[in-house]
Amino acid sequence: MTAYRLASGGVIDRSSTLSFKFDGRAMKGHPGDTLASALLANDQLLVGRSFKYHRPRGIVTAGPSEPNALVTIGEGAATDPNTKATVAELYAGLDARSQNRWPSLKHDIGALNGLLSPFLSAGFYYKTFMWPAAFWEKVYEPLIRRAAGLGRTVLEHDPHSYEKCWAHCDLLVVGAGPTGLMAALTAGRAGLRVILADEDFRLGGSLLAETTRIDHRPAMDFAEACLAELRALPHVTIMPRTTVFGWYDDNVFGAVERVQKHVVAPQAKLPVERLWRIVAKRALLATGAEERPLVFGGNDRPGVMMAGAMRTYANRFGVAAGRSVAIFTNGSAGYGTASDLAAHEIEVAAIIDSRDAPLDAAPAGVRVIPSASVIDTRGRQRVCGLVVERAGFEETIACDAIGMSGGWNPVIHLACQRGAKAVWSPELSTFLAPDLGSGLVVAGSAAGRYSLGGCLEDGAERAARIAADLGFSTASNPLPAVGEEVDPSFTALWYSPGAKAKAFVDFQNDVHVKDLGLALREGFGHVEHAKRYTTTGMATDQGKLSAINATGLLAGMQGISPADVGTTTFRPFYTPVAFGALAGTSRDEHAAPVRKSPLYGWAEKNGAAFVDSGLWYRPAFFARHGEKTWRDSTDREVVNVRQHVGLCDVSTLGKIEIFGPDAAEFLNRLYCNPFLKLPVGKARYGLMLREDGIAYDDGTTSRLSPQHFVMTTTTALAGGVMSHLEYCAQVVWPELKVRFCSSTDQWAQMAIAGPKSRLVLQALVEDDVSDAAFPFLSAAVVTLKGGLNARLFRISFSGELAYELAVPAGLGEAVADAIMEEGRGHGICAYGLEALNVLRIEKGHVTHAEFDGRVTPDDAGFGRMVSAQKTDFIGKRLSTRYGLTAADRMQMVGLKPVETDQHIRAGAHLLREGAKASTLNDQGYVSSACYSPTLGHDIALAFLKSGRERYGERVVVWDKLSGGDTVAEICHPVFVDPGNTRLKV
Amino acid sequence: MASLIHCPHCGVRPSQEFSIRGDASVVRPAPEASDEAWHEYVHIRSNPHGRHREHWQHVAGCRRGLVVERDTFTHDVFSVTDGAAVAREGGR
Amino acid sequence: MTKTYISRHPLEGRIPLEPGIRAVDHLEVPRRQAIVTVMAADGEDTAVAAVLATMSEPSLRCVGPGEWLVVSQSETPEGLQRSLALVLAETAYVLDQSDGRIVLRLSGPNVRRILAKGVAIDLHPSVFGLGAASNLLCGHVNVNLARTGENEFELIVMRSLAESLFDDLRLMGREFDLSADFSG
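Residue numbers (numbering that gives the first Met the number 0), protein chains in the order written: chain A, 0 to 984; chain B, 0 to 91; chain C, 0 to 183.
Honestly, the hints are just simulated from the structure, not real lab data.
Treat the numbers as computed from the prediction; the structure is a model and nothing was measured.
Misleading hints may appear alongside valid ones.
What the hints assert, rightly or not - Okay, the calculated bits of chain C under chain A, using three or more residues with CB under 8 Å as the criterion:
#: 1; stretch: 79-90
#: 2; stretch: 172-178
Stated by the list, open to error - In silico negatives: residues of chain B with every beta carbon more than 10 Å from chain C:
#: 3; residue: Ala1
#: 4; residue: Arg27
#: 5; residue: His51
#: 6; residue: Thr71
#: 7; residue: Asp81
Claimed, not checked - Over 12 Å on every C-beta distance to chain B, these chain C residues come out as not near it, computed from the model:
#: 8; residue: Pro29
#: 9; residue: Gly63
#: 10; residue: Pro64
#: 11; residue: Glu66
#: 12; residue: Arg112
#: 13; residue: Val118
#: 14; residue: Pro124
For each residue, glycine too, the CB sits at the ideal point set by N, CA and C.
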């Protein structure tokens, strides 16, 4: 038994002991303890240092609003900083460390800041670190960063796993205290699908610390009975350790479940945390009320604690917050705590009451000092006394803990997250949730009904109303009988006058009363300005304790009502949520899906190096033995295609099958060039524009039957083009009789290119593929030897004699293997994206490197292709506007270096020879560049002002990113076989 | 986290299943319409604070273009209708 | 040269996970199935729906207005395409997707808890009834999800994404020791 653990009481399992460590010191606790209750039981009140002045700080609360007791748990990559000890469930082997102290918690050098405090007033950073500007980056910021901040994050890969999950219910009940339990029971009994979520590891809320009896038995037993009944109801889901942190549009709630935060070695098959998105028809907020701290001199000394927290530590955890406790209160709740402490035989040194004539009964023998103010506290790392002022007389009272009770604040965070402003209640001296419509209902203490009986009644009543709204009928069950309870009334006290020491408002961020006064004097009196100027409410606790007092003080200083000051804006998250939980499983190899071509296996066994291309993995090149760089492989592949034959996987191109009597008309309106009269069995290059006249996407489209076309798109825009077609068919021209569907995944498609491609192909295909029988731009269904049907297109991106063969995806690898085998005697090679790119640049074929969203068909040399006859197509009207037809537009040209050993890189800008490098002198840019093994030097495609008139001229290729300038000659963009003789053989 | 759209074909779905194309109140002019009409159609968009009609495509569902009438400030959704049905009635 | 080409399933190499082990929650992958897209011609949505509803063996998966996936375990792709073309004649366009789509069949007592990790819609038996099917997102991947049994669902996914979806489903099911194997 430790010094502060009471001999009996609490819902902890005293039969079992848990060993844990704090700052390396071995300690013991029991199952059912939080880290904070165990620390208190071990006489470890001092748990951290404050943010700015590094003042020693102790545990203040017994719940999620804790500003001080932030610790780091775990080691190495599994480190969790800023964990609130007041909610962290104790487990055997837990290893916690204090934060924001150096070299140790007891002796902290940063505490010198406290001596400098006259200079560290509100707005200090804004005023001090302004000059000289050069100092900011090198001196001020590193200094502030070292001094400031609480826990430190770790940059190692988080070894834990997380996941996300959806849930659906008729009623979500947030909070499993008296209100939530009654609401869940009422709705559950009526047959609603209910989710009851509570952030605590033990459900019951305030009932766990309650001494009032319900139905003639202890409140904890009542809570257990409710939970037992709820567990037996099939439609009710109980979610402990689950914080509902956000209320989003359409009644979607975000929640995080701590699945394995309370175990020393998490099971691999379970996440440590699970993020829930709960779609709730209705929700009931039963989050209770938070006790309000009092603002008095020296109120941040370790040992000053919320009175209610002391009650919780005693009643729920069997822990005494001190041996001799003084209570400072402005209402009846302080007396309730005093009685409970006295019942546990903890000495109550005095009750200091700010009210003039309190009627409350103090425990026998306890001195009550009415009309009094606490003006200072004594002690260093633990309080040893307080100074009371009454009617001008000061008195020091010895004590080792001070409980403060300043009234009640309903926890309405969630209710205000979607823009509705909290409403001031003069009767209750607090802010209440506004009317929120039917989606979210606030009940019990969260709605200002603080009494236990009121909570039970309110939870039951409101849940019954929701059930009736949703069409369920509820049987009327008698409400539980509640014994004698403490009166929750209080008289608001924003500031205890006469402070002889700093009176803190925000403990975590070290904001005291004078800071707020300064903010007001300097013109930052608006509550949102004061928050940012003083940083009150900006710490990790987000002002859960401090915000109301800041509002009250700002109101008092200006002589206005808190209603006129208002609250700062509530936003998700209610409490901090780990990034890991928000990411869920979407990390590492699960961050984005991977698309694999049906020829992936073929490419892999042929030695492909893969490259990301959107979601696809595509072969970049196929390295052979002895090749040292990607260029070695690429150059060989290019030469091999030009001289012999190559096989390339083009399955990733988008394929859309278009059907219907208006299919041809539809295509004719989509492409800028004509498609109406494309004969069956023919393929045609098609160019799509955007409605603003700029080139959008291109590809070949073939007519397989009068009412059936197959369109190909680029890999990159396959999805975009599909959506574009859908928009056009559904919204722009709903009158067209056309249907279409993607078949991208159905086909494995191979380009077989090179002078020997026909020899290879003919060996595998029954049909005649000679130039006479199957000329350039033919498209047909053919039969492979053995009977397999395939699609064959005579199209060429490389400029060589070439075919594209499409077979059902499952057979792709087998067919590609057969082609490679058949082609071995003809010197076939597999070629990848890099070689494909070189081949097309040599032929002046465009890709999205050219069609980059700024280029018109004419810019790229397709001007004559754009139909003047068609009455309409997407982009027709705006393609003729002046800006798109001006004579000095940049036009696509070829570039070759004058000195053939010099290089050109994509992205370089073009300048006239001798011109200064400036935006004004910019003549254009290089869109694609490569080394051409066919020509033996670099070549490039570029866009150059009036480029087509300037063949033979020289320009400077200005490239400051990767080397010097290169002088290049402007030429026609087709470098190889400009007469297209090779592809029509 | 999510907001929900009631697709007339698929039921209630999270907004992640949709892609937003923009203003649904503009109607593509006839080919012979004035330059001004075309310029308005392609380039000019109002950015209303409040009620607005937008094209949302249910890309991960039925792939239909939908007209979603919603409040751009509160994200209250007033109606969701099939885009083709709206277009056949003349766009509005 | 006459060749017989052998079809390859994209999950070869991924499954079976541990041969012979079958957990209560199981992912079954048919090696081969016939899947056909049916698109009603203009104005024929109702007529096509009525015809498809009368067909017995192949099961029908709603994709969107006037569009369905028809799945058959017994017919060949060609056979299914032929029989559909025959009964639907001019009222619909029929397109073979048997190689472009992969079927993953998930069954077991925890199947809804597994799917809830990727699927946003309410799969409660009273909401997503037997025979219900819809296109939706499972995590990052578009699928067609159908309820094919009391505690059995089928996911149809694009072939290129089958490995990613399979890996995701394994991750979603690890809590329940989900097993996986080919069937048939």
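A quick look at each hint next to the structure:
1. 79-90: violated (count 0)
2. 172-178: holds (count 3)
3. Ala1: Answer for alanine 1/B: violated, closest chain C Cβ roughly 7 Å.
4. Arg27: Given that every Cβ of chain C is farther than 10 Å from that of arginine 27/B, nearest at about 20 Å, it holds.
5. His51: 24 Å, holds
6. Thr71: 23 Å, holds
7. Asp81: Per Cβ check, aspartate 81/B is inside 10 Å of chain C; nearest 7 Å; violated.
8. Pro29: Proline 29/C is indeed farther than 12 Å from all Cβ atoms of chain B, at 24 Å.
9. Gly63: It is violated; glycine 63/C is separated from chain B by about 3 Å at its closest Cβ, not greater than 12 Å.
10. Pro64: Since the minimum Cβ distance to chain B is about 6 Å, proline 64/C lies within 12 Å and the statement is violated.
11. Glu66: 8 Å, violated
12. Arg112: 19 Å, holds
13. Val118: Valine 118/C is in fact no farther than 12 Å from some Cβ atom of chain B, at 10 Å.
14. Pro124: Label holds. Min Cβ-Cβ 16 Å, cutoff 12 Å.
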